[in-house]
Structures are given as C-alpha cells and as structure tokens.
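Here the protein sequences come in this chain order: A and B.
In this note's numbering, each residue carries its 1-based index in the first sequence increased by 4.
In this note's numbering, each residue carries its 1-based index in the second sequence increased by 39.
Watch out, some of these pointers could steer you wrong.
Mimicking DSS-like on lysine-lysine, the simulated pairs with C-alpha atoms at most 27 Å apart in a straight line are [to be verified]: (1) A:Lys-39 - B:Lys-260; (2) B:Lys-410 - A:Lys-47; (3) A:Lys-39 - B:Lys-325; (4) A:Lys-18 - B:Lys-344; (5) B:Lys-457 - A:Lys-6; (6) B:Lys-325 - B:Lys-41; (7) B:Lys-90 - B:Lys-180; (8) B:Lys-41 - A:Lys-18; (9) B:Lys-180 - A:Lys-18; (10) B:Lys-310 - A:Lys-39.
Derived by calculation from the structure, the hints in this document are not laboratory data.
Here the structure is a predicted model, which is why all the values come from computation and not from measurement.
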Amino acid sequence: MKLRELAHSRTGDKGNTSNISVIAYDPANYELLEKQVTAARVKQFFDGVVLGDVVRYELPNIGALNFVMFQALGGGVTRTLALDIHGKSFSSALMEMEISENL
Amino acid sequence: MKKIRLGSGAGYSGDRIEPAVELAEKGDIQYLCFECLAERTIAIAQQAKMKDPAQGYDALLAARMQAVLPVCHKKGIKIITNMGAANPQAGAAKIKQIAEKLNIRGLKIAAVSGDDVLAAIRDQELTIEETGAKLSTIKDKLVSANAYLGVAPIIEALQAGADIVITGRVADPALFIAPLVYEFGWSLEDWNLMGQATVIGHLLECAGQVTGGYFSDPGFKDVPGVGQLGFPIAEVGADGSVVITKVESAGGMVTLATCKEQLLYEIHNPKTYFTPDVVADFTGVKMEQIAKDQVSVSGGAGAAKTGLLKVSLGYVDSYIGEGQISYAGPGAVNRGRLALDIVKQRLEFMGVKMQESRYDLMGVDSLHGEKLSAGHDPYEVRVRVTGRTETMAEAVRIGNEVETLYTNGPAGGGGAWKSAREVVAMVSVIVPDSVVNYSVQYEVI
Chain A
5 MKLRELAHSR TGDKGNTSNI SVIAYDPANY ELLEKQVTAA RVKQFFDGVV
55 LGDVVRYELP NIGALNFVMF QALGGGVTRT LALDIHGKSF SSALMEMEIS
105 ENL
Chain B
40 MKKIRLGSGA GYSGDRIEPA VELAEKGDIQ YLCFECLAER TIAIAQQAKM
90 KDPAQGYDAL LAARMQAVLP VCHKKGIKII TNMGAANPQA GAAKIKQIAE
140 KLNIRGLKIA AVSGDDVLAA IRDQELTIEE TGAKLSTIKD KLVSANAYLG
190 VAPIIEALQA GADIVITGRV ADPALFIAPL VYEFGWSLED WNLMGQATVI
240 GHLLECAGQV TGGYFSDPGF KDVPGVGQLG FPIAEVGADG SVVITKVESA
290 GGMVTLATCK EQLLYEIHNP KTYFTPDVVA DFTGVKMEQI AKDQVSVSGG
340 AGAAKTGLLK VSLGYVDSYI GEGQISYAGP GAVNRGRLAL DIVKQRLEFM
390 GVKMQESRYD LMGVDSLHGE KLSAGHDPYE VRVRVTGRTE TMAEAVRIGN
440 EVETLYTNGP AGGGGAWKSA REVVAMVSVI VPDSVVNYSV QYEVI
C-alpha cells in the first residue's frame with residue numbers, strides 16, 4: 005500500500021533545507037510508520053533531488069515523524085533555479101512510498 | 040477566567056485581505072496580527088527604501104489597513120504586524136495618513152525599529168551559517184542585514200498604549216506571544232510558558248494553513264468551503280491553555296490533522312526550536328478535538344533563550360534568466376526535448392556564461408527530476424487560469440487568486456507564476472467622412 009493511505013504530510017523550507025512531516029491519520033499506525041519510513045529510505049527515495057543528509061525526528065505524542073533534508077532546495081528559495089522554489093511539492097512525492105501492512 | 044482571542048490576519052505578504060476583515064467583524068478578537076515578512080522580502084524593501092526614503096514598507100500595507108482599520112477601531116481591536124519591513128516609521132506614517140482619510144481619531148501607532156544591523160555588522164569577521172564562508176566575501180554585495188527581534192519592543196509599545204504596532208524583522212511567533220505576555224503579565228523567563236506561547240504563535244503565523252489551507256487532497260483530505268477559507272483564532276487562557284478555532288460561518292476547518300501539519304511546518308529539530316525569546320520544545324505537545332473546529336493544544340515547553348539572534352542578510356548574488364514555451368500533440372515530449380537540446384547548444388555556441396542551469400519539461404519532470412517522475416503519465420499538472428477584463432487592476436486579481444493557493448489551497452502547491460498584460464488588438468469599421476470633426480482645446484492650471 006502507498007504511504008498516502010496511512011499518513012498525511014506537509015513540506016516546509018528554511019534556506020537550502022526542506023522538512024517533510026509524515027503524520028498518521030490513525031495514531032495506531034504510528035508504529036508502522038516509525039518502523040518503515042526511515043531516514044535512510046527517505047534519503048534513497050529523494051536520491052538525486054536531496055543532495056545532503058536526511059535526519060528523522062519522532063513525535064509519538066501526535067503520531068508524527070519529521071524529516072529534515074539538507075541541500076534539498078538548489079541553494080535555497082531565494083536563489084534556486086527550480087520551478088518549485090520552496091520544494092513545496094516534495095510532500096506529495098513522498099506519499100508514493102510503498103508501505104507493507106506487516107510490522 | 041480571563042481569555043484573550045488572537046486573530047491571524049495574514050500568512051504572507053501577498054495573502055488575502057477579506058479573511059482578516061471577517062475575523063475583525065465576526066471573530067470576537069482583541070488582537071489582529073499580520074505576519075507578512077518572508078526571508079527575502081526585507082532585502083527587496085531595503086532596495087526600495089534606498090531609492091525613496093518614504094518607501095520600504097509592505098506593498099499591501101495601505102490596502103490591508105484601509106480594509107481593517109474602520110472595524111478594528113470601532114471594536115478596539117489592536118493590530119500587530121511586521122509590515123514595516125525595511126521602514127517601519129514610514130509604514131506608521133502611512134497608517135496615520137490612511138486613518139486621517141478614514142476620519143479615525145484617537146489612534147496610537149507604534150513603529151518598532153532597530154532590527155537593521157547592517158552598519159553594525161558589515162565589517163565584522165562573521166561566518167555565514169549556510170555556506171561556512173566569511174562575511175567579508177559578500178561584504179561589498181550586502182543589501183540588508185536584519186536581526187530577528189523578540190517580544191520585548193512589542194510589549195513595550197503595548198504598555199505605552201499603542202493600538203497598532205508595526206515592526207520590521209521580528210521572530211514570527213513574537214507577533215502573537217507579545218500580546219499574551221502583555222495581557223497576562225507573564226514572566227519572560229517562564230520558559231515552559233514561553234514555549235507553549237511559541238506553539239500558539241507558530242500555529243497562527245501562516246494564517247489559513249491551520250484552518251484547512253495548503254491541506255486538501257480530494258478523496259483523502261477534504262476541506263469544506265475551502266473557497267471561502269477563514270483564518271484562525273487562538274483563544275488563550277492565563278495559564279497558556281489554548282483552543283485553535285475559526286469564525287463559525289467561515290469556510291475551512293480546524294482539526295487535529297490541520298493543526299499537526301502546521302505544528303511541524305518549517306520545523307527542524309522539534310526539541311530545540313530556536314527563537315529570540317526561548318528555545319521551544321514541541322515534542323510534548325498534545326492535541327484534542329474538543330468540538331467541531333475547536334482543537335485544544337497543550338504541552339508546549341521550553342528552555343532558556345540562547346541570547347543569540349539570527350540576522351538575515353540580503354546580498355546581490357546573481358541574475359536568473361528564464362524562458363518558457365509549450366509543445367502539444369503527437370510527439371510533444373520529443374519536440375520539447377529537442378527544443379531543450381537546441382537551446383543548450385545555442386547557449387554554448389553563443390558563449391553565455393552560466394554558473395548553473397536547469398533544463399526542465401514542465402508536466403513531465405520539472406519538479407522532482409527524472410527518477411521520481413518515471414512511470415507517471417503525466418507526472419505533473421499545471422493549473423492555468425486566464426480571463427479577459429476591462430482594466431489592468433482587474434486582470435492582476437486573477438493571478439493573485441492562483442498565487443494565494445500557496446497558503447490557502449490544496450496541499451503541496453508550488454511554483455506559482457503570474458502575469459497581467461495589456462492586449463493591443465486590431466479591428467476595423469467604415470464610417471462616412473462627415474463623422475470626422477476636429478477641434479483643439481487648452482487647459483492651464
């Protein structure tokens with residue numbers, strides 16, 4: 005199943021760094037997300053787009069993960085050549101990630 | 040128990056104006072706060088100020104104030120905004136002028152300055168955070184240097200009885216924290232309370248992004264009345280407890296999902312969110328939907344402020360040239376790729392010097408590159424709205440309504456572009472020569 009079935013997401017930007025939240029619709033699925041949506045997988049997913057590291061932070065209280073992706077915005081919103089200067093559409097891309105129903 | 044209701048009137052400089060008027064009229068609020076200063080906005084405003092010392096404040100300041108001043112004055116709603124940009128004093132003078140025109144009297148307007156630190160830091164040997172390079176490497180290209188101020192100057196203005204506070208660069212949440220500290224007499228060193236107040240400010244500072252804007256995804260995340268999106272209200276108690284809500288009749292919604300998305304928007308480590316006033320900790324935040332469009336948020340915490348301020352530097356970096364053209368029908372993608380090849384060859388042949396370049400096919404791979412786009416047909420869609428109008432002012436409004444989808448429309452919209460132009464067209468008619476009857480007249484003032 006796609007990540008989109010289990011979680012919703014929003015992208016934010018600061019300088020050349022992008023962050024993507026991944027929030028479980030049902031808090032019961034948080035553990036599944038925590039197991040499968042790892043920093044390494046997200047880094048691999050955005051291979052060629054995100055040039056720097058990906059760091060993950062966990063917020064179990066609200067059933068959410070926060071991915072911070074460095075060197076992700078072509079130099080940052082104020083100088084990038086990208087069409088989507090903020091990288092706002094990254095969250096929609098991540099929703100395509102495949103998730104297995106088993107922990 | 041005393042409650043203070045804060046309204047968020049704008050999430051960025053170009054945001055919609057009517058939802059702020061709606062908040063003032065129907066929101067039962069005591070404060071209307073407008074966050075209108077993006078990273079680069081202040082550098083551009085500084086350039087405007089250098090050309091004309093009376094300029095340098097937000098381009099929509101006059102329009103916003105004209106719209107909200109009458110109702111805010113009538114109801115005693117105080118206004119706090121960073122629309123002063125590079126020139127808060129000139130912004131305050133402009134507000135005064137507008138108030139006079141509206142026959143409003145008895146208004147105290149405070150302009151907060153001091154965030155401009157260009158002269159003070161220009162010659163210092165500082166290290167640039169993003170690149171690790173020395174400040175001296177861009178010293179000659181600097182346009183602006185503005186420190187993120189905290190709540191103190193805004194609180195001082197409120198204590199002096201200001202009805203309107205206009206600032207330049209301040210930390211975004213400070214626009215919302217300051218009135219709470221002022222009203223409830225909070226200690227600026229109660230770090231947990233300041234952390235919770237930062238959560239409140241952060242949830243409000245992007246306006247429609249917490250009431251269902253930048254959120255909807257049909258079939259997955261549907262937002263009622265998103266075309267008439269309302270802006271948020273925070274009802275805050277003296278202990279920092281808060282309920283995020285909106286005007287009942289307004290479109291949009293306030294749910295756990297909208298609040299969670301906004302809580303993490305532009306956040307890096309949620310344990311250490313640095314602001315001038317506190318190092319906020321969002322990891323203990325809890326949310327509860329207590330009624331329709333009412334979310335209670337608790338558990339924001341914090342640690343002592345660092346005593347360090349971020350300074351945003353504007354500098355002349357480079358120039359960007361851009362061209363767009365469309366191809367359609369059978370073989371469109373191949374013709375598009377050929378076009379990119381041709382332009383690439385031409386730019387090389389003509390010796391155009393570029394530090395970097397991008398060759399994208401919009402609708403195919405321009406947003407996320409070849410790898411992520413593979414197997415999707417088409418991978419991208421680009422919304423285009425166009426209309427013919429009688430005046431330029433009307434035409435400009437069409438693009439604005441597409442652009443404001445950023446913070447008000449479906450989730451993940453990016454890369455908006457707008458234009459408005461005069462159309463010179465040719466037609467012909469036939470009339471008898473007797474219709475032509477000329478004269479010459481002069482007027483002297």
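Kindly indicate which numbered hints from before are broken by the structure, ordering the numbers from low to high.
Hints 5, 8 not satisfied by this model.
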